[in-house]
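Asks: Chain by chain, the residues run as shown.
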Amino acid sequence: MRILPVARLFFVSVLLAAAGSSTALAADMIKIGALFPMSGPGSYFGVQDKQGVELALEALNKSGTKFEIQYEDSACSPLPATQAAKRLIDQYKPDVVIGEECSDATLAVMPVLAQAKVPLLNAGSSSIKITEPGNPWTFRIMPNEVMQGMDIATNAYKRLNAKSAVLLYENTNAGIGNAKVFGDTFTKLGGTILADIGFGRDVNDFTSIATRVTGAGKIDVIPTYTLEGQGLKITQALAQAGVTKGGGGGAIQLGTIWLPFGFEQKAGKAAVGYIRIVQFDPTDQRDQVKNFIQAFKTKYSQDPTHLNAHAYDQIMLIADVVKRGAKDAQSIRDGLAATKDFSGVTGSVAFDEHNQNIKMDTIHYMETLPDLSWKALGWN
Amino acid sequence: MLTVALQQGINGLVLGSLYVLVALGLTLIYGVLVQINFAHADIVTLGAFSAYFFTHAFGGGYLPSIAVALLVGAALGFLINAAVFAPLRERGNELLPLIATIGVSVMLENVMLAWFGPIPYAFDSPYSERVIRFGGMFFTAQSVLIIAVSAAAIGLLYAFMKFTFLGKALRAVAQDRETAGLMGINPNRVIMLTFVIASALAGMGGAMLGPVLVLTPFAGASVIVKAFAIVIIGGFGNVEGTIIAGLIVGLIESYTTQVLGPGLIDIVVFALLLLMLAVRPTGLIAERREENV
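As they're listed, the protein sequences go chains A and B.
Position in the first sequence counted from 1, then plus 27, gives you this note's numbering.
Position in the second sequence counted from 1, then plus 613, gives you this note's numbering.
FYI, nobody ran anything at the bench for these hints, they're computed from the structure.
Please read all numbers here as calculations on a predicted model, not as lab measurements.
Note that beta-carbon positions come from the ideal geometry of N, C-alpha and C, so glycine has one too.
Watch out, some of these pointers could steer you wrong.
Unchecked claim - A few chain A residues that don't get close to chain B, going by computed Cβ distances all over 10 angstroms: (1) Asp55; (2) Ser70; (3) Leu84; (4) Lys89; (5) Pro105; (6) Arg114; (7) Tyr119; (8) Leu134; (9) Val139; (10) Asn162; (11) Met177; (12) Asn182; (13) Lys207; (14) Asp388; (15) Asp398; (16) Leu404.
Claimed, not checked - Here are the simulated lysine to aspartate or glutamate pairs, EDC-like style, with alpha carbons at most 20 angstroms apart: (17) A:Lys324 - A:Asp311; (18) A:Lys296 - B:Asp737; (19) A:Lys326 - A:Asp314; (20) A:Lys296 - B:Glu742; (21) A:Lys402 - A:Asp100; (22) A:Lys113 - A:Asp100.
Unchecked claim - Residues from chain B that keep clear of chain A, each with C-beta distances beyond 12 angstroms, as calculated: (23) Ile767; (24) Asp789; (25) Gly797; (26) Ile861; (27) Leu888.
Just need the whole structure built from these sequences, with the hints factored in.
Replies: See the structure below:
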């Protein structure tokens, strides 16, 4: 069919107008890419992160700037995370990316996003390498492994009067890094590390490790850095070996924010006396926390976890930056870098020159009581 | 120190018994079909989940749940062989069933992911909480149960293979499928029986592993690589070799944890595997390779 020149001109004009209107629409739409582990041993992160994200988006999309999200399974592992990040960049073209949870995966995607000049907002990876020596495109709202490790070691030594420790950790960047910071700080304060035990994520039976721990001497604390599944088995094995308070022993297990809420109920009596840090305090009396808990319960008929909360905060921080005028990747990056007084449900956010949140009120110490409920220790 | 050494010996035997339960099914299938079954791991996982739901959702006892897992495993073995492997074998291409086992494995894993979700389940066996302590050592009633069930499974399998007509038929097919067919044995039925027995063992292994493993849809996959190594070290398809290799690997893991650290377990186990392949490629029990099961 032959198209007349005038008709052709009209057709091209319509196409150009459509493209122009699409650009105008794009300014009112912020595209968020989410790199969450949806498969493998860290997939509980992804499930809970998504709940927090959906709750935040539901509230935000009722008015004003619209936020759209695309999830990719980054599997808590460097290779799938890198592939997922490339898919996001090539196909979805996000203005900002949130995730990953596991440090190894976050470290792997950072160069991909930096090259594409898309900011990455992280809430769950603790490796110091993520923000040191610094990457202008990566921001982290949780305290890094040095901040966490020093705090836990200092509290163990000064508040629990611990003088000896056994380090248990998975052989990953985060596991090794967290354990090292604890060990260095604890030793500097005058404590002794009786055993330093790292293991792969494929270890299933922890009875042999618990046996080795029994032979280490008198242990006061056992800082443990694992994902939920292995964490459960370690806690139960240490109790069976009679090492920890949950098994009638004297040692206190210390845990990280890696563990989800509900861990104690799964571990049972073995978890009694367990002290761990969480990124969200459900007993916090601030109105925004109460409202968040209420909204979460209404939507999901369950209590929110710290993973739900930190994912919620990631979206709310992006919304805050957009409210301050950001509308694309570059301005979102600049807005994040200028954040000094954001208040989220997990705590407050103020980034330093390395884009690391310097506020420590995002971690909260909890002790597991005999009925498996929590007692907030109020150490921060 | 002696106490710790003895304790690690007990730990190793318990872990080895679990590995044997998983590896026995693999070795049976390899012995009869000279085929690796990658879906075996997922039958282990489904066995664990069926025992979990029987005890936690339906209020059943843990001991009956072992029988439930065994039956679920057997039924899965029957169905998968009838629906996938048998039709592919009939086409005469040995590669197709092997590839199919990978496909079935991925499919089952994702079905479980959709049904059960990715979050770890806490499979509490009442026997895990009963800790027995003596002379500075400890073990749970679950450990005793694992060794007892493994020993019973090995004994029954041995008796079945040695003294029953079907067992002898299975050995005959393993030795020479065509000649066995000429003697009036239906090889396809025997192969079906092999899959059913192997999968029943996998299901039962899952029920025993459930309280020990981190129970997710990927649980079986975490032990299957070791089970493959055990089958190779034991002597491709040799039941006795598999039992010995399973216990050796369990003991190696325990003592490596104590002496070198758990981070080196895989290096030591797979170094042993490479050593076996280099020095004794037919496995621990090589002289009976011509009659594998």
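Asks: All hints, please: hold or fail.
Replies: How the hints compare with the structure:
The beta carbon of Asp55 (chain A) sits about 35 angstroms from the closest Cβ of chain B, which is more than 10 angstroms, so the claim that it is off the interface holds. Annotated as non-interface, Ser70 (chain A) brings its C-beta within 10 angstroms of a C-beta of chain B; the closest such distance is 3 angstroms. Taking the minimum C-beta to C-beta distance to chain B, about 22 angstroms, the non-interface status of Leu84 (chain A) holds against the 10 angstroms cut. Consistency note on Lys89 (chain A): stated as away from chain B, and its beta-carbon is indeed over 10 angstroms from all of that chain's, at 29 angstroms minimum.
Consistency note on Pro105 (chain A): stated as away from chain B, and its beta-carbon is indeed over 10 angstroms from all of that chain's, at 18 angstroms minimum. For Arg114 (chain A), the shortest C-beta to C-beta distance to chain B comes to about 19 angstroms, beyond the 10 angstroms cut-off, and the non-interface label holds. At roughly 23 angstroms, the least C-beta separation between Tyr119 (chain A) and chain B is larger than 10 angstroms, which holds for a residue marked as non-interface. No Cβ of chain B approaches the Cβ of Leu134 (chain A) within 10 angstroms, the least distance being about 20 angstroms, so the stated non-interface status holds.
Annotated as non-interface, Val139 (chain A) keeps its C-beta farther than 10 angstroms from every C-beta of chain B; the closest such distance is 24 angstroms. The non-interface label for Asn162 (chain A) is consistent with chain B: the shortest C-beta to C-beta separation is roughly 29 angstroms, beyond 10 angstroms. Remark: the non-interface label on Met177 (chain A) is consistent with the geometry, its nearest Cβ contact in chain B lying 25 angstroms away (cut-off 10 angstroms). With a minimum CB-CB distance of about 27 angstroms to chain B, Asn182 (chain A) clears the 10 angstroms threshold, and the non-interface call stands.
Lys207 (chain A), annotated as away from the interface, keeps every beta carbon of chain B farther than 10 angstroms; the closest lies near 14 angstroms. Distance to chain B confirms Asp388 (chain A) as a non-interface residue, since its nearest Cβ pair spans about 28 angstroms, more than 10 angstroms. The Cβ of Asp398 (chain A) lies farther than 10 angstroms from every Cβ of chain B, with a closest approach of about 17 angstroms, so its non-interface assignment holds. The claim that Leu404 (chain A) lies off the interface holds: its Cβ sits roughly 25 angstroms from the closest Cβ of chain B, which is beyond the 10 angstroms cut-off.
Between the alpha carbons of Lys324 (chain A) and Asp311 (chain A) the distance comes to roughly 16 angstroms, so the proposed pair stays at or under 20 angstroms and holds. Note on Lys296 (chain A) and Asp737 (chain B): the hinted pairing holds, with a Cα-Cα distance of about 12 angstroms set against a maximum of 20 angstroms. Taking the CA atoms of Lys326 (chain A) and Asp314 (chain A), the gap is about 18 angstroms. The hint holds against a cut of 20 angstroms. With a CA separation close to 9 angstroms, the supplied pair Lys296 (chain A) and Glu742 (chain B) stays within the 20 angstroms bound.
Of the supplied pair hints, the one linking Lys402 (chain A) and Asp100 (chain A) is violated, its CA atoms being roughly 35 angstroms apart against a limit of 20 angstroms. Between Lys113 (chain A) and Asp100 (chain A) the CA atoms are separated by roughly 12 angstroms; this keeps the pair inside 20 angstroms, and the hint holds. A cut-off of 12 angstroms between C-beta atoms confirms that Ile767 (chain B) is not in contact with chain A; the least separation is 20 angstroms. Residue placement check: Asp789 (chain B) keeps its beta carbon more than 12 angstroms from all beta carbons of chain A (closest about 39 angstroms).
For Gly797 (chain B), the non-interface assignment is confirmed: its Cβ lies about 45 angstroms from the closest Cβ of chain A, beyond the 12 angstroms cut-off. Residue placement check: Ile861 (chain B) keeps its beta carbon more than 12 angstroms from all beta carbons of chain A (closest about 15 angstroms). Its beta-carbon lying about 21 angstroms from the closest one in chain A, Leu888 (chain B) satisfies the requirement of being farther than 12 angstroms from that chain.
Of the hints listed earlier, those the structure fails to meet are numbers 2 and 21, in rising order.
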